[in-house]
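K.L.:
Here the protein sequences come in this chain order: Y and D.
Going left to right, the first sequence walks through residues 1 to 690 as the numbering used here numbers them.
Going left to right, the second sequence walks through residues 691 to 1280 as the numbering used here numbers them.
Simulated from the structure, these hints should not be mistaken for laboratory data.
Ideal Cβ placement from N, Cα and C applies to all residues, glycine included.
Do not rely on the hints blindly, as some may be mistaken.
[Claimed, not checked] Heads up, simulated DSSO-like pairs for lysine-lysine below, C-alpha to C-alpha not over 30 Å straight-line:
| no. | chain 1 | residue 1 | chain 2 | residue 2 |
| --- | --- | --- | --- | --- |
| 1 | D | 1122 | Y | 218 |
| 2 | D | 912 | D | 1226 |
| 3 | Y | 218 | D | 1226 |
| 4 | Y | 658 | D | 1129 |
| 5 | D | 1226 | D | 758 |
| 6 | Y | 519 | D | 758 |
| 7 | D | 912 | Y | 519 |
| 8 | Y | 185 | Y | 95 |
[As the list claims (entries may be wrong)] If you want the footprint, here are the derived chain Y segments under chain D, 3+ residues with CB under 8 Å:
| no. | segment |
| --- | --- |
| 9 | 141-148 |
| 10 | 221-231 |
| 11 | 401-415 |
| 12 | 474-488 |
| 13 | 617-627 |
Letter by letter, the chains look like this.
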Amino acid sequence: MNAKTVTKAPAFAWDRLAREALIESIRKLNVRHQLRNPVMFVVYVGSWLVLALFGRDLLAHDVAAADFTGAVDVWLWFTLLFANFSESLAEGQGKAQAASLRQARQEVQAKRLQGPRPDSPYETVTGMALRPDDLVLVEAGDIIPSDGEAVLGIASVDESAITGESAPVIREAAGDRSAVTGGTKVLSDRLVVRITAQAGETFLDRMIKMVEGASRRKTPNEIALSILLVVLTLVFLVVTITLFPFSWYSVHYAAHAGHVVGITVLVALLVCLIPTTIGALLPAIGIAGIMRLLRANVVATSGRAIEAAGDVDVLFLDKTGTITYGNRQAAAFYAVTGIDPARLAACAREASLADATPEGKSIVTLADTRLPQDAASGKVSDGVLIPFSADTRMSGVDLPGRRIRKGAPDAMRRWVADEGGVWPDGLDRVVDKVASGGATPLVVCENHEALGVVELKDVVKSRIRERFAALRTMGIRTVMVTGDNPLTARAIATEAGVDDFIAEAKPEAKLARIQEYHKEGHMVAMTGDGTNDAPALAQADVALCMASGTQAAREAANMVDLDSNPTKLLEIVAIGKQLLITRGSLTTFSVANDVAKYFAIIPAAFVGTYPALGALNIMHLSSPAHAILAAVIFNAVIIPLLIPLALRGVRYRAAAAKDLLRRNIWIYGVGGLVAPFVGIKLIDMLLAWL
Amino acid sequence: MTSLPMTSSVETLAAVLAVTIALGVPLGAYMARVYGGEAFWATRVLGPIERLIYRVAGIHPADEMDWKRYAVALLVFNLLGMLFLYGLLLWQQDLPLNPEHFPAVTHALAFNTAASFVTNTNWQAYGGESTMSYLSQMLGLAVQNFLSAATGIVIVLAIIRGIVRSRSRHLGNFWVDMTRTVLYVLLPLSVVFGLILMEQGAPQTLSAYVHAHLIAPFVSGKLHVTHQTIALGPVASQEAIKQLGNNGGGFFNANSAHPFENPTAFTNFLQMVAMILIPVALVFMFADMARDRRQGIMILSAMLVLFVPLALASLHYDLAPNPLFHGLGVSQATTAANAGGGNMVGVEDRFGAGSSALFGSLATATSTGAANSAYDSFMPLSGLVNLFLMQLGETAFGGVGTGLATMLAFVLFAVFLGGLMIGRTPEYLGKKIESFEIKMVSLSILVMPLLVLIGTSVAMAFAAGRAGAFNPGAHGFSEILYAFTSSANNNGSAFGGLNADTTFYNVATGLCMLMGRYWSYLPLLALGGSLAAKQKLPPSAGTLGAHGPLFVGLVVGVVLLVGALNFFPALGLGPIAEQLTPVHALAALK
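The shape of chain D in the complex, shown without the other chains (with noise of 0.2 Å):
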């Protein structure tokens, strides 16, 4: 039995999926054809723009790095952009566009607020409105989430040069990407959700924070409260690339559950389709790219078969009745009065139980980690598929560029069983993959669980990381294995009852950020860049062909092993054993 929340859920899931599929062809396309350096209708408009950009920066467009050269210019690219953001967080107090004063960030968190949005990760250990001035905001945080996440995009650009050139060294211009990538795609993008954002009643100023008095006043505690201060600032432009690059980090610390920020149910629809929009589109690009079509469905066939049941896990977890209140006589009805009902704890009442739990879906699946309620009062198990889509590698779908590179590298780990299954030394759209690939594969998947695991046993054996979790039980555990999960994927999401702002979580998550985004990452570089050498082999009826239900079939297993494989322990210990005990507890009472 289905309930109505339950049907409207799965109907807003499908209607997500659905656009974004139809945006993501003609988008993938158009991406093909700007990275392809075409002279097409785009070009006309901002090519000049584009070449001014290449004059002034003194760049060559035609001049090509290999991949040792693309990662060099990869890194001090982020190193500078991740040390000016420091800078400008240290002395933000003596910098215009502060109207409210706000004073110089702390070291650490300065650290991991830079480490955080340079890695696309947007971990916040703070809370926007009370800590960043508008500068930070603009110059600091937004400009990163454009950068951030035109560095995901270049590095699975440059893999997938590696796939498709044949007898080639070279990946492409690192600085050419990043423009292009800016230029053509980002920002147009950015300034349609924007404007559509400001339209939906998102505020776009620069004036200061506006002081209400109160027509009812109250007493809270002994405090006679008479006035509210409400919050603004430039909100529309920074929440478009926010979803938009997967960045997640929100202008107030209640990210989309603040109504400025995700102001209706329509802007809550397309935040959830751009979250997963360029990750669709990304595919359909590669496609287009390999001139194989049939690539392009397999990938986001195996990520729907990966994402789908587990976010209508999710769904389900967080709209059924808890057991606890269930068993006290506690109606959790799907009822209006109850705002559709379910497990309503931390939820915004304009968004509901089920529209709340597919945004974590889509916000874990992606690198987002954008929030429209609070994941800390999810179900367990609902916030346990949050935490597994993390756990997975945000292989389904991803963050922007780095997750279809995820995805590809599980896509080899495939091909090379699959290859061996059926006798061949294995092959990848022609590309033979050998022993250097193959430890670039296991380097970049290997990478992210032993940060996880090693993370949360490190909070976990010290009173500094204990003192973190808020919450008795597994759901402390929980809550630490989150913090981890989060950062080491650069997602960014939080359980809320974590206090992340301490010395040791703000080092301890910063590195995490820097180590899961570059560590993972470079050795798909130079995975590309051996590619990239390798003659392209012909098919024939003998080889794997990396498409059809039973190769989805193939990277889904891979996929599930290995994240199941990594985290059952983990996640038995923490949202499996909350969940199954009060159960338990219950079956006992009676």
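Isolated chain Y (complex conformation) (with noise of 0.2 Å):
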């Protein structure tokens, strides 16, 4: 796993940020702010109309109908202030990160080449004169000016403005760690760098954008469940007009008593009713989705990736690093019948003394725990080291009078042959119960003779089995990635419980099979860092790059990790499910609230024109004025006291979607029509005490 990751999160200040949310809420009660959103528009309307009725009851000296007047209309506007809190608290989140972004993005001077080479002339320009395929070098201590993909060189870089992680990484020419990123500064010696963004396009823009402009851009889901609320308020604008006439004519042709329905009251009971709750939070649960995302270190590009996230139902995961540890590691040592077990682990510990594979490290780790104290302390001195060859597929150590080598099972034999030995009887059967088992076996030789076999293993991750059950029950599929061949690639599978692999995976294999799972119309997410990757993460519908990626890695992903951990796609699927599901939840629960407000209200209004009428005043309010004035007050106060939940999101848990409904029905359905019978009558409670 890689090295210790400080995680970005930045220790939000929530007194300061608490009390800029305040100030920004008053400020956007303008009216071009209001109209960005239907719902509250509908309310701020009504709060200037009930503003008026205030003014008119004021002027006719009718204390008791200003009384009432003032104290709904004091209610609508903090219905309002409580919509802005929230959106501007989330937002402040975000202006806050963006910040600390943007410190990185200071305006540098850039060396731009002439040439081609690192001494050729240069002319220093600034940062945002350059364009793409404009070579500039960069030396220890410079700022990169821009993103760009190194052509030359090798340098230690410090990240830790984008990434958090402030162990320096290497960048070099050619190769899958080529990509530079503008903002991250040269700790030790120097590249050439050809600029491959525009300026005010580069990956550190795109991500102050998309910190600062969450609010702005609507993802699918958010503009069908917008559609939704304005055509709900769009009804209960017209239910509560026509409520005038029918009000007007049950007055005066019908029961000939009491009074017409006050626009107070009918502003009262329209405002009550249109989705203010889910409305006044809904900018605030897809901005705090973001931020959510941000604090696991995952930058996405647009919102909708994220929503696709929530929507993946297969997911490609490259076994090394996410379902393994890394490389493979030395399991055990099997001796040939007649060898001593010790001579095969000293002799195997010999050949891998030079290897500094994580392979060969985890032999001679294996073999020390196998042998006395003195042999395993022993080091090469006198040897010549024969390097792994991709032509012998062998590696060894030349002593004098013995050569050992140690290599797969087919260069071995010939190996052997060569040296005029006899292949030993049992050999094969041991290399194929190893090779069956989805480990590597490496046999090991000394001169003409075989010793035996060294059973290197891919070892998966603990508990990732747990993960992957999880998964399944989300409907979720989980597709292994990998080099290896398929017999190794099954045993694997099988011990991870992934659901399906492809083995000996070139980047075309993937491509192939990602444009398969879309025909039979699956979503599919998946990881990837090189630049043959970029074909498949194109194609994908969540593409995670790794930080470390190089810049056709990320220019064709739409998000990025930071942290480089294959793992996170599994956190991103959850974050995208918790975001559309706060979403989900709450308008239900908004919607669910209206029936206890008709309750509250609709007694009221009408208990003088009809006073059979107050049969329908089950919670027993105390008078018509509290009824309304409690119903208003409940519908603001639910915003602020939703806050926490539209910014944290709804709990969630991998479960099948029939128990996410359950669970969500009955708290926020069934919730949300019980809570605002016992809120209100609270809230009459007190008024009547006050």
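Reconstruct the complex from the two isolated chains, following the hints.
P.N.:
Structure representation (structure tokens):
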């Protein structure tokens, strides 16, 4: 696993944030801002209307009416302020984040090269003047002026400004670590960088835009939901407006009693009925989703990608790093019959001492546990090291009189034959046994004698199996992608509990498989970092690129993981789902609330006309004025009460759709029906007591 | 404690539902085969006629239409039908088959009636036996009874194809769907039902009305009454499609309370079955076409969960003693002399209060709007059930075709909420529900309440509207509300206490019928078009399974919530105030 990660979640100064949000929520009372949210705009118009009525009552010295109108109006304005506050609070978090990012994007001077060599002459220009394909020189202490690709040199770079990771990373020309990011700092050596991004469109710029503009771009589901909310608002507008002629008819032609319902009551009813709760919290929910993602150190290039994450039903997971702990490790020695196991271990150890790969090291480590103390501490001093080559497919050491080799079984068979030895009976059986278990057998020989087998095994991460099982209950298939042969792949796939695997995966194979899944209508998420992953990344619905990845991979992806942690995909799916669930649940809650509000307001509004309608006052509210006021107050205060939920997101755990639905219907549907009855009654008791 | 008539009414309800479902399953399967264009026994019999129609009309059955062409064909066809009917009514005095020499119908009434029959509303601002010639009844009204019902069916057919098909632009051929609906479904059923009605005593004749001398002449007012005119006509044929096609426009003014329209208890039972037969069969047809039996069970369960409690409430209130009478010591006991007891005002003795309330529930739950009693005289809360069943958008069971279409709109609504609540882009049967779908669903669901509420307020604001209500008090409010609820929902039933044959009501309700029909269902056709183009996604454990008790609960909750939130204030000022007031007044007397 990678080194310790400094998570970037800034320690928000909550009191400062809240103070700024308060100021901001008053500033947001202007028409232009209110127009952006149709539901709250209706409240806005209603608030002004009732304010005018309040003025009229004051001028008419109608104290009783002014008391009521004034109280209703105060709470209508509070409704607006609470809505603004929730949005400002969420935006405030984004702003704090953006500010810290912006520090990294200070205007820098760039050394634009006239030629392709580091020692070519250069002119100093501002970072903004750079165009794609310009070549710049960055040296120790320089800030990289824009996104680009290293074309020459190697350097260590401090990328903490964007990743929060304090350990420097190596960037070098060619290969999968060639991408450099504008705003990061070169610590040592120098690079020639070919600029790939237009000014103002660098990775950092996009990140800042994303964080700042989170509230402005609506995602597809958000748009659909907004339409629904507007339609509900429209219907309730007509319901309340037509109530005026209904009441007028009832008073004058039907009951001949009471007064026609007042505008204040109608506005109060309207504000209570339209989905203000979800309307007020919707912007905050969206921003909070992006912030949660940022806190997981993932930057999405669009809100759409986050939503898509919730819909993904096939996950392509790289075996290495996600399912297994990086590299294969030596797990056992199997000596040929008649050979001392200690001799096998000792030879395997000697053959691996010069091998700096993790596999080689793991053989030494394993051998050390099998050998006596003194034998285990030896170093090779006078031997000739034979490094691994793709040609011979073996490595080892030549010592005086001893030539020790380890390598793939077929290569070693040839070696033994060439040396004039005999391939021992039973060795093939051991080799097959190890291979069929999904592990890699290495045969160890000393001169012409085959000693036995080292089993190199992929170690599946602990608890990954449970995680995949949880994904399965959520309806998400996992596909393991590995370069291993099908046999090995199958064994690991079985052990880890993935649903499918792609063995001997080449980038084209990945791409083809994604297209296959698409044809069946699945939504695919994958991770990648190399340039050759780019086509597949571009094809996937959710494409997570490691921050360490190449520029091409980053361009193709729609999310970048600053931690370069391949298991992050699982977290992203959860965040995407949580975002939608929060929206859906609060919408249900908001609409279900209306029932109780009717039972508060309708009897209050019409009991003068039809005294019998008092029977509908099932909450036994103290007076018509109190009933209406209590409903309006409940409608207002529920917004700040739900802000923490909107920002944190509804609790989410991996479960089947059926169970999630049942849970959320009970909590937010049935709860939404019941809660306002209790709330309105309590507020009414408080009003009566006052 | 359940009274005897309550028990027998509940048994009747159970029998109606059981018989309908038993008949609906094979009928649904049959319809799926018909619309699938399969060659089977029915096409061997009727295929030659079908092909002849296509040849004569120059229709290429394989030429499928996208939703726009489908909608245009539907609109043009309905417009022509409306103009034809309008002309026929205006000129009926000069046309044959008018033995009673009825004069031409007025323009306003002709417009209202044409709009009414083309939209499957069958709101009748006239008395059939005193206004319409036999030709108008047969060539005008009965023909539209068939065509408007078929129109409703092809609307839902196109929507279902949209849901079922994957990556297709086409929803079928309108002319083929219409032809098959009439030829394979409506005509055979009507012939069978018409023959049963004739056998039971409904007349089927073109001869003039009979003038009979009374055995016992009597004096009414200052008039010495010596003879009676008995209206006749081709009743049975029209009655069959009136019930089966959810039209509800009676041959006689008394509708299904008239002994010639509804001669016996047996026909009364069959008429109730006939109202919900095709709506229920369509549910099974949908399940068949979607190859998902659970969808049929889900939708039918939702319909039953909505309908049965409301019907029982209607029965309960109409069979319970009227609190006003009860307080005055008047017996409404369940005796034979009281024809079963309960609220007998406006009730046909042959059927009794229970059967009337049940018939009323079925007629308003579907878009039939037929009546075997005077709905105006129902107990207020039974009248409320009638109103509310319509105000739910006629989802349980709904009009032929349009009911299922509205139900599917609500299902998509529920899927949207449910989908969000489980954290996925909502999808129904593998089709993603996105902003376009929500727009169309919202439009479709939005139109009806707006028409009802705005129509009612306009009527109350103007003297011409207020003049229509005969009754004072909250009941007058209910009468106006009922008129607009019925017309906007294409139901056609009425609280008879409203004088509907005025220019104001003819024009206002006529417009409501047209807007309620076309503005509600054209968006759903567009929805079908959009869904058809989408790819069908495979289901997984993470997808919201649109079935099972939980989902039924969600659908029912959404339908009830939308209906209740839209109409609670209006119902409060109408029937609820009316029902509560006497209790309150009596309590004050004590």
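K.L.:
Each of the hints needs a verdict: does it hold here or not?
P.N.:
Verification of the supplied hints:
1. D/1122 with Y/218: The given pair, whose Cα atoms are some 18 Å apart, holds under the 30 Å limit.
2. D/912 with D/1226: Violated - the C-alpha atoms of residue 1226 of chain D and residue 912 of chain D are around 75 Å apart, more than 30 Å.
3. Y/218 with D/1226: holds (25 Å)
4. Y/658 with D/1129: holds (26 Å)
5. D/1226 with D/758: Given pair residue 1226 of chain D, residue 758 of chain D holds - Cα atoms ~22 Å apart, limit 30 Å.
6. Y/519 with D/758: Status holds; Cα separation ~28 Å.
7. D/912 with Y/519: violated (84 Å)
8. Y/185 with Y/95: With Cα atoms ~23 Å apart, residue 185 of chain Y and residue 95 of chain Y stay inside 30 Å; holds.
9. 141-148: That given contact is violated, which follows from only 0 residues of the segment 141-148 of chain Y lying within Cβ reach (below 8 Å) of chain D.
10. 221-231: Coverage by chain D holds for the segment 221-231 of chain Y (7 residues, Cβ < 8 Å).
11. 401-415: violated (count 0)
12. 474-488: Holds, because 4 residues of the segment 474-488 of chain Y bring their Cβ atoms closer than 8 Å to Cβ atoms of chain D.
13. 617-627: violated (count 0)
When held up to the earlier numbered hints, the structure conflicts with 2, 7, 9, 11, 13 and fits the remainder.
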